[in-house]
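S.K.: Which chain is which? The protein sequence lines are R and L, in order.
The opening position of the first sequence corresponds to residue 1 in this note's numbering, with each subsequent residue numbered one higher.
The opening position of the second sequence corresponds to residue 1 in this note's numbering, with each subsequent residue numbered one higher.
If you are wondering where the hints come from, they were derived from the structure by calculation, not from laboratory data.
Using N, Cα and C, we set each Cβ at its ideal position, and we do this for glycine too.
You may find that some hints are simply not true.
Part of the chain R face toward chain L, derived, beta carbon under 10 Å [to be verified]:
#, residue
1, T70
2, R79
3, T113
4, G143
DSS-like mimics (lysine-lysine), calculated; alpha carbons at most 27 Å apart, straight line [claimed, not checked]:
#, chain 1, residue 1, chain 2, residue 2
5, R, K106, R, K43
6, R, K32, L, K66
7, R, K106, L, K77
8, R, K32, R, K107
9, R, K75, R, K134
10, R, K134, R, K107
11, R, K107, L, K77
12, R, K106, R, K32
13, R, K75, L, K141
14, L, K77, R, K49
15, R, K43, R, K75
16, L, K66, R, K75
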Amino acid sequence: MPEELRLSLVVGLIAFAGVLGWVWRVRTGRAKAIDRGELIDLKRLQATKSGLPVVAFGRRVTFLQFSSETCSTCKQTARLFDELEQTAEDVLHIEVDITNRLDLAKKFHVIQTPTTLVLDHTGRVTSRIGGAPKQSTIDQQLGSFAI
Amino acid sequence: MSTQIDPRGPRFGAAITATLLAVDVYLGLDASTLSDAHALLGAITIGFLWGAVRGPANHPYGYLFKKLVRPRLAAPKELEDSSAPQFAQLVGLLVAGTGFVLGFFGITAAIPLAAAAAFVAAFLNAAFNYCLGCQIYLGLKRAKVIR
Numbered sequence: 001m002p003e004e005l006r007l008s009l010v011v012g013l014i015a016f017a018g019v020l021g022w023v024w025r026v027r028t029g030r031a032k033a034i035d036r037g038e039l040i041d042l043k044r045l046q047a048t049k050s051g052l053p054v055v056a057f058g059r060r061v062t063f064l065q066f067s068s069e070t071c072s073t074c075k076q077t078a079r080l081f082d083e084l085e086q087t088a089e090d091v092l093h094i095e096v097d098i099t100n101r102l103d104l105a106k107k108f109h110v111i112q113t114p115t116t117l118v119l120d121h122t123g124r125v126t127s128r129i130g131g132a133p134k135q136s137t138i139d140q141q142l143g144s145f146a147i
Numbered sequence: 001m002s003t004q005i006d007p008r009g010p011r012f013g014a015a016i017t018a019t020l021l022a023v024d025v026y027l028g029l030d031a032s033t034l035s036d037a038h039a040l041l042g043a044i045t046i047g048f049l050w051g052a053v054r055g056p057a058n059h060p061y062g063y064l065f066k067k068l069v070r071p072r073l074a075a076p077k078e079l080e081d082s083s084a085p086q087f088a089q090l091v092g093l094l095v096a097g098t099g100f101v102l103g104f105f106g107i108t109a110a111i112p113l114a115a116a117a118a119f120v121a122a123f124l125n126a127a128f129n130y131c132l133g134c135q136i137y138l139g140l141k142r143a144k145v146i147r
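Pulled out of the complex, with its shape left as it was, chain R reads as follows (with noise of 0.2 Å):
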């Protein structure tokens, strides 16, 4: 194969590599509301924290993080709502591992993991979050529910 030929097959490859990326950095991590969400029950999420079941929701907001147990950036988002959930007390963070609860999974129809999902102060679901939540999407979240 001539010279040229082969480094532009590897230039664009690079470049196609680029543009997924920059695609896919785009797109993740962004907020879709959900229309007539649904109740979250938590008696089936079985959702500990620090080691003691979750009874109630955030009175504000509430942050339902499903993560895995192969997944690095569900450690960093985990670390952006539990700093949220300092300043703000009526905002609740609950993180569930559904590695082995793949009910859960097929349920919420999770592929990708972290997957946020947005509940109100009743349990019902607003948004949807896949992958790493921006800084953005959180603030502009917390805005919708500002009492």
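Assemble the complex: chain R is given as a structure, and chain L must be docked to it using the hints.
M.R.: Just chain L now, kept in the frame of chain R:
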């Protein structure tokens, strides 16, 4: 066994791997350098095997990162579990290994193709912090490809 590692370590390794894979694609596109491409893909496959079995922290690139790069960087904001990059290494092993093995059976087109596919994943990891374990682990588990 999983350990806690600096998340920038695997990205550093992915950058080296991506560079090698791009060179491999270039070599694999011409008949005169095809055997070199095959040998290089074999070396890259062994690298993936090492990472998949012993984990990224015990990989030569991990060692290089610890000795040469990390002392020049600020402390990481958080550590990550090594299971995520280890899973990515396993995926790399399957992709690169398939091309390497097919090369022995006269299917030489598999060499640059496998290198190109692995390049995209390694490049996305290095440049965009794309995490295969986050994106496809749960999907594979739900599809019962892995248990």
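S.K.: Checking one constraint from the list: CA of K43/R to CA of K75/R, max 27 Å. Satisfied?
M.R.: holds (24 Å)
S.K.: For the pair supplied as a hint, K77/L and K49/R, is the alpha-carbon distance within the 27 Å limit?
M.R.: holds (23 Å)
S.K.: Taking the least C-beta to C-beta distance, is G143/R closer than 10 Å to chain L?
M.R.: violated (26 Å)
S.K.: Does T113/R meet its interface restraint, that is, does its C-beta lie within less than 10 Å of any C-beta in chain L?
M.R.: Hint holds; T113/R Cβ to chain L Cβ min 5 Å, cut 10 Å.
S.K.: Quick check on the hint: R79/R CB to chain L CB, less than 10 Å?
M.R.: This interface hint holds because 6 Å falls under the 10 Å limit.
S.K.: For the pair supplied as a hint, K107/R and K77/L, is the alpha-carbon distance within the 27 Å limit?
M.R.: violated (34 Å)
S.K.: For the pair supplied as a hint, K134/R and K107/R, confirm whether the alpha-carbon distance does not exceed 27 Å.
M.R.: Roughly 25 Å separates the two Cα atoms, so the pair holds.
S.K.: Holds or violated: K75/R and K141/L, Cα atoms, limit 27 Å.
M.R.: holds (20 Å)
S.K.: Regarding the pair K32/R and K66/L, is the alpha-carbon distance no greater than 27 Å?
M.R.: Roughly 40 Å between the alpha carbons, so the hint for K32/R and K66/L is violated.
S.K.: Is the straight-line distance between the alpha-carbon of K66/L and that of K75/R 27 Å or less?
M.R.: holds (22 Å)
S.K.: Are K106/R and K77/L close enough, with their CA atoms no more than 27 Å apart?
M.R.: violated (33 Å)
S.K.: Can T70/R be said to touch chain L, with a Cβ gap under 10 Å?
M.R.: At about 3 Å, which falls below the 10 Å cut-off, the nearest Cβ of chain L leaves the hint on T70/R intact, so it holds.
Hint compliance for this structure: hints 4, 6, 7, 11 are not met, and every other hint is.
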